[in-house]
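Undergrad: Listed in order, the protein sequences are those of chains A and B. The numbering of the first sequence is my numbering, which starts it at 1 and goes up by one. The numbering of the second sequence is my numbering, which starts it at 1 and goes up by one.
Hints are computed from structural coordinates only; laboratory data are not their basis. Just to be clear, a hint being listed does not mean it is correct.
One side only, chain A facing chain B, incomplete, derived with CB under 7 Å [stated by the list, open to error]:
no., residue
1, Asp6
2, Tyr8
3, Ile9
4, Ala12
5, Ala15
6, Cys16
7, Thr19
8, Ala20
On a predicted model such as this, the values are computed, not experimentally measured, just so you know. Cβ coordinates follow ideal geometry from the N, Cα and C atoms, glycine included.
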Amino acid sequence: MFGITDPYIWGAYAACFLTA
Amino acid sequence: MTDGVNLVIFGAMAVVFAIATAVLGYFGYKNTRNSEQFMLGRNKTSPVIIALSYGATFLSASAIIGFGGQAAVHGMSILWLCFLNLFIGLAVAFIVFGPRTRRLGTKLGASTFADLLGKIYKSKGIRAFTAILIIVMMPIYCAAVLKGAVNSLSVITGLTQYYDVILVILALVVALYVVYGGIIAVMYNDALQAAIMFIGMAVILIFTYAMFGGIASANGQLTNLWGAGVIEQLGTLEGARGWTSFSEFGSSEWMLVVTTFLMGVGIGSLTQPQLVVRFMSAKDDKTLYKSMIIGSVFMLVVVGAAYTVGPLTNIYFADEYGMGSFEYIKSLGLGTDFIIPQFLSEIFSNTTFGDVFISLFLLALISAAISTLSALMHTIGVAGGYDLFTLARGRFSGENKDSQSIRVNRIFTMIMLVVVVVYCYAMPKDIIAKATSVFMGLTAAALLPAFTHALYSKAPNTKAAIASMASGTVTYMFWALFINAGTASFLPICKMLTGSAVLFPGTIMSGMDAMVIALPVSIAAMLVVLLANRNLVRTDAGASDL
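One chain only, chain A, in its complex shape (with noise of 0.2 Å):
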């Protein structure tokens, strides 16, 4: 997803996104 293929990582900003 947008590079990032590691799901610890994009997940993150998942995380970032959805909790705002």
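Starting from the known structure of chain A, arrange chain B on it as the hints suggest.
TA: Quick look at chain B alone, frame taken from chain A:
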């Protein structure tokens, strides 16, 4: 630094900023008629002011350049701290802790965190302990924030020979509006500073991604750079797998990132005395809930931008110098705190309006530092001038009413500011992120169980709170000074006593942050006393009829 900033442009922006600060400081001064307004300013706060003040206080320069620099070394896994800031620092804080803190604070007539805990538990000892913890430990965090701001300011402007002058000027600016304007000046200035931080960080994030050809392209380049193996010195520990990958579970790198950076700071935000006061400043619960709207956008952009730009700096430095950010900044003789300032001063040095952008970033950095500093100084000042002064006066003259003197608060704030400036000269460099983690970790271990119990128990148990605070503090200090290699180096007591830097060097324990041990110990101590005293609990206190 390669280039200094254009001092004329920066000077002009700084003058406008200073005038705005002075106007808001005067507004605070005119509206501070009594001690309650100096400490809480309850009638002058709106959801926007509370949201921006909470956000700007929460995020100091430490969050932007301290942890941004750590993200440049340890990668995007630091983004989980952005999530924790939003989830724990905002959602949990404003839903679980905020409304009850506000209601209990109003009901009991409490004006500070120490005052609130003391009144809920009906214990002068707890009030004194909390106030002393603030007065002893908070200046360390305060000095780290001030030092971080002065370091980067002096290096970016190229005025390193005026380091001392810059430090004293910044301290005086904060002192003037905190001492005279009280919490109203602090919160209105926070809102101005938050706006500058938001614009500055948003511009930097957009500019950085645009420079590397878009989001997917930049992230792909970062992944490939690590995979190519061209960077020799990475600065990471064993177990790191890349700037766009999480480290190997249980490895040294994983322990550092997860226990120190993520948990220490992520959980520690709940018991920050300077943030708890923000809840008590709200008129009603609705104000707090509305604050979450702006607060979440502010924190997402400012923190997310810093932790994303940090890792991306590696692409630029590798292209320009064949080195990663860590190696390059070390080659300049600087610490990781300078990675983001150095990156910005280089990329903006040859662009149109580059000086304006650098000046904007500098102003954002000063804003981040001053907003946190002013809140910390206000908190330290009232812990001494209100809490301890009230307790001391009660002991010597038998008067049991809370002190209503603004003057004592002002004098104590000034004295503590001098102490903070002295601390600045006694502390090692590269300490911002670690000092933040120590202060937040210690307050969490000492106060979080007692604070939660105070808010949610119908019969708060004073003995359980004291057991939890004492065991949390002692465990944290012992672990930080004798076991954890990262913190034991600050105050080398273990080395003096045993000859070894820590008691168990090279083991998994030496990489584990003190809070990970001290908080469970503190919770366990509270539960043990609660169970032992189950039949003896007080029935007359706190939240019973809220």
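Undergrad: May I ask which of the numbered hints given earlier this structure violates, with the numbers listed in increasing order?
TA: When the structure is compared with the hints, none of them turns out to be violated.
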